[in-house]
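Those protein sequence lines, which keep their order, are chains R and G.
The letter at position 237 of the first sequence is residue 237 when you use the numbering used here, and the numbering goes up by one with no holes.
The letter at position 300 of the second sequence is residue 1300 when you use the numbering used here, and the numbering goes up by one with no holes.
Hints may be right or wrong, so weigh each one.
To be verified - Derived list of chain G stretches under chain R, where covered just means 3 residues or more per stretch with a C-beta under 8 Å from a C-beta of chain R:
no., stretch
1, 1127 to 1141
2, 1241 to 1249
3, 1290 to 1297
Worth flagging that the hints you see were computed from the coordinates, not collected in a lab.
Think of the CB as a built atom: it goes at the ideal place given N, C-alpha and C, for glycine as much as any other residue.
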Amino acid sequence: MADQRGAGMSGPAVVYLPGIAGHPANSPALDALGDAGWDVVVPRIPGLDGRSGFQVPDDYLSWLTVVWDSLDATEVHFPCPVVGASLGGMLAADLAVFRPEAVTACVLLAPFGIFDEAEPGLDIYALPTAERMSHLFAKGVPDPFVERFAELGPDDGPVARYLSDVAAASLLWPLGDRGSARRIHRIGCPTLVLWGELDELLPVAGSAAWAEHGLPVEVVAGAGHLLEWDEPDGVAGRLGEFLADFHGA
Amino acid sequence: MKLLWFHLMPYPELPEDFNRKHRSVWVDVDPGLFDPEVVASSYERYIDQLVHAEQCGFDGICVNEHHANGYGLMPSPNVIASILATRTSRAAITVLGNSIALYDPPIRVAEEMAMVDLLSHGRLISGFPVGTSMDTAYAYSVNPGTLRRKYHEGVDLVLKAWTATEPFAFNGRFTQMRYVNALPRPLQRPHPPIWIPGGGSVETWDYCSTRDYVYAALSYYGHMMAKETVGGYWRRVEENGKDPNPYRLAFLQFIGVADTDQEAHKLYKEPAEYFFNRSLHVYPGYADPPGYVTEASARARYKSQVRAVVRAKQAKHDLTWDEMVEKGYVVIGSPDTVRETLEDVARTFNCGHLLTMLQFGNMSDELTRHNSKLFGEKVAPGLQELFADAEDRWWPTNAVPA
């Protein structure tokens, strides 16, 4: 499933923190980074990885501890760039805030963390389970998400999907706001925010809250919430350009 | 056997086209549908019906907690219970919930329930439901992933607050308090009996049986559907080394009594259809917040095709009256018919506490009282003799059975 930095990896590392639907496969954008010589490291975050026995951490600080432990388990050599999508964007921003020595650059793809009362977006967890996935994408659900955990079989696969959703929902409940607006001014590393024009969960108007704190925001036309899957070329291009300066940093 | 009269306090005037024009009776139901004057008069009428139930010979009267919905107008059951405590003199005041994970700190629940126990001079049954997903995860926005642990911790805190002989500090995962000293303490010692409403999870069966709490099977879908749940519960009781005392179990059943079977069909069709097809018109998106059920329960659910079919059927809200009767959602008939059915259910389930639902949907006050009176006079006597040899260790100290 998720890749971890293996002994054979020797290039510069970029950490990827996955989004609301977990990490069934590397996106084309991450593959492009790999083609450009990056070692893409995706930590196995408990719960999101669907493993049995997951228990939701008591609170957000406990969740951050779990995520950081999973980052350390990859044995990646910090500092390095970090890319975070969706709820992974919220986690990436907090990594840059709380552990600035670990992050050389940050790319946030439609990050959760700031709730916009004026444009609240779709409450995906108030949809019937079978309908949720389709609202994450503007151009259809990619195969890896359709087949998420199918390799575990008809008994364990649905349970793994459920546990992955439990983990994501617990990080976001009820509004997906963990107070990011009150601390992202402390992000000191170069940061880029990309946002899907057609994001149903976090309408693009909400990106203004990140821009207000001095973070450059670029809107990706035709893309939904998990924009790297809807617009693989566009997102891969911007990721590659932005991270090129940190290659080998 | 103890017979308890259970009230949901539904809003009685949802429009006939409610299902077509509104997506849910719960969470985001249109507040404009609720006429405050209708709610006010309903409260008055419903409280009178609960008081009337004691006069009809019921052993207990029951209230419960729901939020942001049209089928239950009791967001605070303790408010209603406090009124019942002073307007009745004998019946057990059964509060099924409080949903304790909704309250920070939960010590408020300990205080209010103690007040009800004192106001009723020791007649309180203290129920602690986890609460439905609609009430907890949506109407109160509690994180479903931590809901159950917060609930269990809250129950422990309340029990300690009721029984501690001196102030103490509580360092929980979800509640920290430097000083816990809930006053007043309840009248019943060490504390009022604990009943836990549940829907069929193995965890709840174990929780109740190992702690010696009553398990209250609160499905609205009747005795036939509940067989699997009740059987599973008793298996866990045995496996946990506990005795099969029938008073460990409470079970809820919708009931309509009339002079004849034919008349019962005529009288109870409309309120039953109102309840099952309007009051239970819940948008399916509110049924399954991730984390609300444990991994074990999720695993069991994915394996149970039967339940999936039932859920799909319920979600469509296309139940007919004949289905409601045939499937046992509603037990209706003459006093003899109803008594025979319920006696069979009680013996089959080994159930010592029957929670009777004799008002449902938009049932009129006149019909509700008729139903209660007939049940009290002609059905109850035959049932209350059941399980006479078993000791009810889960009954309030000063509640006097009929």
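Hints, verified against the model:
1. Only residues whose C-beta sits within less than 8 Å of a C-beta in chain R count toward coverage, and the stretch 1127 to 1141 of chain G has 3 of them, enough to reach three; the restraint holds.
2. Given as covered by chain R, the stretch 1241 to 1249 of chain G fails the check, having 0 residues with a CB less than 8 Å from a CB of that chain where 3 are the minimum.
3. By the rule of at least three residues with a Cβ nearer than 8 Å to a Cβ of chain R, the coverage given for the stretch 1290 to 1297 of chain G holds, with 3 such residues.
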